[in-house]
Amino acid sequence: MRHGKGWVWGAVLLVLLAPGAWAAPSGKVVVAQGVDPTTLDPHDHEETPAYNVLLNLYDTLLVRDKNLKITPWLATSYKLINATTWEFKLRQGVKFHNGEEFDAEVAKFSLERLANPALNLRMTALRTIDRVDVKDKFTIHIITKKPFPTLDAQLTLRGALVPPKYFKEHDKAFLARNPVGTGPFKFVKWVKDDQIELEANEQFWGGAPKIKTLIFRPIPEEATRMSALQTGEVDLATNVPPHLVKEIKNHPKVTVSSAPSVRTIFIPIYTVQCELIQGSWDCTKPVQSPVANPKVRQAINHAVDVDSIIKNVLEGQGIRTATPLTSKHFGYDPKIKPFPHDPAKAKKLLAEAGYPNGIDLVLNSPNGRYPKDKEVAEAVGGQLTQAGIRTQVKIYEWTTYMNNVAYRHGGAPMWLIGWGNTTWDADYTLTPMFRTGQLLANYWSPDFNALLDEAQTNMDPKKRLQMYSKASRFFLDDPPAIPLYQQIDNYGVSRKLQWTARPDERIEGLSMSLKP
Amino acid sequence: MTRYLTRRFWQSLLVLFGISLIVFILLHLTGDPAILLMPPDATQEDIENFRKIMGFNDPLFLRWPPWNYLHPPWRFLADTQYGRFLKGAILGDFGLSFRHQQPALGLVLERMPATVELTLAAMGLAVCVAVPVGILSAVRRNSSVDHAGMVMALLGQSMPVYWLGIMLILLFAVRLNMLPAFGTGSLRHLILPAVTLGAFSMARIARLTRSGMLEVLGQEYVRTARAKGLSEVRVILKHGLKNAAIPVITVIGLDLGTLLGGAVITETIFAWPGVGRLAVQAIANRDYPVVQAAVFTLASIFVLINFLVDILYTYVDPRVAYK
Numbered sequence: 476m477r478h479g480k481g482w483v484w485g486a487v488l489l490v491l492l493a494p495g496a497w498a499a500p501s502g503k504v505v506v507a508q509g510v511d512p513t514t515l516d517p518h519d520h521e522e523t524p525a526y527n528v529l530l531n532l533y534d535t536l537l538v539r540d541k542n543l544k545i546t547p548w549l550a551t552s553y554k555l556i557n558a559t560t561w562e563f564k565l566r567q568g569v570k571f572h573n574g575e576e577f578d579a580e581v582a583k584f585s586l587e588r589l590a591n592p593a594l595n596l597r598m599t600a601l602r603t604i605d606r607v608d609v610k611d612k613f614t615i616h617i618i619t620k621k622p623f624p625t626l627d628a629q630l631t632l633r634g635a636l637v638p639p640k641y642f643k644e645h646d647k648a649f650l651a652r653n654p655v656g657t658g659p660f661k662f663v664k665w666v667k668d669d670q671i672e673l674e675a676n677e678q679f680w681g682g683a684p685k686i687k688t689l690i691f692r693p694i695p696e697e698a699t700r701m702s703a704l705q706t707g708e709v710d711l712a713t714n715v716p717p718h719l720v721k722e723i724k725n726h727p728k729v730t731v732s733s734a735p736s737v738r739t740i741f742i743p744i745y746t747v748q749c750e751l752i753q754g755s756w757d758c759t760k761p762v763q764s765p766v767a768n769p770k771v772r773q774a775i776n777h778a779v780d781v782d783s784i785i786k787n788v789l790e791g792q793g794i795r796t797a798t799p800l801t802s803k804h805f806g807y808d809p810k811i812k813p814f815p816h817d818p819a820k821a822k823k824l825l826a827e828a829g830y831p832n833g834i835d836l837v838l839n840s841p842n843g844r845y846p847k848d849k850e851v852a853e854a855v856g857g858q859l860t861q862a863g864i865r866t867q868v869k870i871y872e873w874t875t876y877m878n879n880v881a882y883r884h885g886g887a888p889m890w891l892i893g894w895g896n897t898t899w900d901a902d903y904t905l906t907p908m909f910r911t912g913q914l915l916a917n918y919w920s921p922d923f924n925a926l927l928d929e930a931q932t933n934m935d936p937k938k939r940l941q942m943y944s945k946a947s948r949f950f951l952d953d954p955p956a957i958p959l960y961q962q963i964d965n966y967g968v969s970r971k972l973q974w975t976a977r978p979d980e981r982i983e984g985l986s987m988s989l990k991p
Numbered sequence: 004m005t006r007y008l009t010r011r012f013w014q015s016l017l018v019l020f021g022i023s024l025i026v027f028i029l030l031h032l033t034g035d036p037a038i039l040l041m042p043p044d045a046t047q048e049d050i051e052n053f054r055k056i057m058g059f060n061d062p063l064f065l066r067w068p069p070w071n072y073l074h075p076p077w078r079f080l081a082d083t084q085y086g087r088f089l090k091g092a093i094l095g096d097f098g099l100s101f102r103h104q105q106p107a108l109g110l111v112l113e114r115m116p117a118t119v120e121l122t123l124a125a126m127g128l129a130v131c132v133a134v135p136v137g138i139l140s141a142v143r144r145n146s147s148v149d150h151a152g153m154v155m156a157l158l159g160q161s162m163p164v165y166w167l168g169i170m171l172i173l174l175f176a177v178r179l180n181m182l183p184a185f186g187t188g189s190l191r192h193l194i195l196p197a198v199t200l201g202a203f204s205m206a207r208i209a210r211l212t213r214s215g216m217l218e219v220l221g222q223e224y225v226r227t228a229r230a231k232g233l234s235e236v237r238v239i240l241k242h243g244l245k246n247a248a249i250p251v252i253t254v255i256g257l258d259l260g261t262l263l264g265g266a267v268i269t270e271t272i273f274a275w276p277g278v279g280r281l282a283v284q285a286i287a288n289r290d291y292p293v294v295q296a297a298v299f300t301l302a303s304i305f306v307l308i309n310f311l312v313d314i315l316y317t318y319v320d321p322r323v324a325y326k
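In the order they appear, the protein sequences are chains S and E.
Read in my numbering, the first sequence has 963 at position 488, and its numbers run on one by one without any break.
Read in my numbering, the second sequence has 108 at position 105, and its numbers run on one by one without any break.
By construction, these hints were calculated from the structure, which means they are not laboratory data.
Each residue gets a CB set at the ideal place from its N, CA and C atoms; glycine is no exception.
Errors might be hidden in some of the hints.
Here are the computed lysine-lysine pairs in the DSS-like style, where the Cα-Cα straight-line distance is at most 25 Å [to be verified]:
| id | chain 1 | residue 1 | chain 2 | residue 2 |
| --- | --- | --- | --- | --- |
| 1 | S | 647 | E | 90 |
| 2 | S | 760 | S | 786 |
| 3 | E | 55 | S | 647 |
| 4 | S | 620 | E | 55 |
Derived Cβ-Cβ restraints for the label pairs, each shown as a range [unchecked claim]:
| id | chain 1 | residue 1 | chain 2 | residue 2 | range |
| --- | --- | --- | --- | --- | --- |
| 5 | E | 190 | S | 835 | 57 to 65 Å |
| 6 | S | 503 | E | 7 | 30 to 38 Å |
| 7 | S | 875 | E | 190 | 17 to 25 Å |
| 8 | E | 189 | S | 973 | 24 to 32 Å |
| 9 | E | 25 | S | 873 | 53 to 61 Å |
Isolated chain S (complex conformation) (with noise of 0.2 Å):
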């Protein structure tokens, strides 16, 4: 009798085993974000909450893996073949959910869509590509107005790759409300601010996701967000507060999945005050203030005990860096340590640049935009007066910090910001926010501008690094911020759902799976 069962299972496990009956999607994942994408135009937006929609719909060249090495997705392979033409190989048998087919005509309609100023995109990242040129069916050449060695690391994010027909056939409203990609997911239906429905594509070239309808809700409200997950009305459910992670991860249907995340959180120091002269910012004047001396910038950055503002005011949710850098972006150097929490050095230095009587210093931050912004600039303000820069924390609402404060140089002398660079190249956080002339920098260095400068068009990835090391350098003897920390994202996901959570945000529905 042993015998004879042991068949019976053994027929069931092959059933079960068999590709057709696996492969099936099922199941409903629901998805819940702070805010409804505004468009679903992969090309029109730079928001995270739609790039983790549309990443479910449309493809791109290149993709990052689990531990962010940039990875081959719609191309197959590609080779630099010299200083402005790189080459791309391209995935055959691939088709859009309308049936156009994926080629290098497409890849070129959809690169140079993105390169054209005249249609007025707000993705202007890849406005340095001059040109696709089709070599052959599956294979293109992206030519550049410049040396551009980010490029790779742009197409693993931007550059979503559109159907032409569909897209010349209909116009921009059109399109952004009836995405059609060549993704593991197919666009059903968008009730604007209430739900997006997709399902899974079972042509996808990847093989078809596990999860047939995976829906993205939007939920403003923290405590709603949180209460929905409780619920077991969401599944997935974005930015847990720092104060609940330890409630969600004890509940019985719910927990935690956490990653170091790739936004950092730092407090930029005015070395120049930008004046508008005639229509452009002229940035050549110091500021009118302490802070242009190195050595008060060094004293600040002694004066701020961050481990303690971890421990204390996020709860241990954020990791300290010595840069706006993660370890995990190109141009790392983790040769380069934080400041000591060390205020009688910051006391000496005070006196040193001449102030033996401590200064008085202003310090900006925004409210509500950032997990315990509001708490961590006065945390900062509290420390550095104690240690006799007497400090005044100024507190915006964060659409007008950014129009009033950030965007019109009306900063001065500190404030805080994060910025979350998902390129994952150094270039995207050191030259918008340190390089002169940039919109949100006020920082004047020359050696530095020079540096960044070379940077951003070496092809030599070896001499890239040396650079960015050498900028690092910066943040210790000329110090441009108080670089603070890096956070952790704290996703709440039901204990029925297998996923886990990634640095770079993406929530990508072709990596989860239902518990049985």
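Assemble chain E onto chain S, guided by the hints.
For chain E alone, coordinates are given in the frame of chain S:
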């Protein structure tokens, strides 16, 4: 009667024109949308290009020199930003949303049913509960019923909407698992947001009904009605309530407008896909066309409701039309 209505109609138009001006000026005082719409690492050139294409470089009210507008004067409607907005408002075209790349009015109108549904449910609930409570409190003055009713009313008026909403979710969704925590779809989804949104009006109407009824019930004509031998129910509802109704109707009319535009917090807490949430996001993004379309549509409805309330007065109290 006709003269009264005509006068009210022209007043309403004037109000709408005033609103268009205020919305436009306030919005343009708040900062530059170009800079917010472009990615932070966009170049000066990209931003300039964007401004030009979107028409942000055109004058707001007047292109110098002013005699350009002598022939033809309607040039104003094409080459200034306010002119284009005004023309659009009249024609029902507020332009494309900067963010969504969709017609702004369409975005507002597609969310309108959700907001109207929530508002009507909240107001319906408020009236159905508040008017009987108010009457009962007045008739049984200083009884325990009166005290209980008025304590509830006081609570309803003083509880912050935000707090009430979250507490209701924690109690009825998380603890008791009786109702959904957010979203739309069924009558069950409507209950918590409607209670949250309606609480304040409910309290206000209950107190107003009570004080109105108290005043009316002391009048001579009520004593006459009782002396005629009418039943108490008839005295209270026909002779009492109808005469106490004017301030209540005014408040219902005003509150209905306020609820429509003020559902923002409730919509945010319950992730309700309404106009208020759209408007708040649009304000944060400086998405002018959407803000203008939303405010203008809500203001028009507000004005319309008040117009209807005015007509209703003439029915409840015919003396109004002849004043």
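Against the structure, the hints come out as follows:
no.	hint	in the structure
1	S/647 <-> E/90	holds (24 Å)
2	S/760 <-> S/786	violated (39 Å)
3	E/55 <-> S/647	holds (19 Å)
4	S/620 <-> E/55	holds (24 Å)
5	E/190 <-> S/835: 57 to 65 Å	holds (60 Å)
6	S/503 <-> E/7: 30 to 38 Å	violated (58 Å)
7	S/875 <-> E/190: 17 to 25 Å	violated (40 Å)
8	E/189 <-> S/973: 24 to 32 Å	holds (30 Å)
9	E/25 <-> S/873: 53 to 61 Å	violated (24 Å)
Checked against the numbered hints given earlier, this structure breaks hints 2, 6, 7 and 9; the rest are met.
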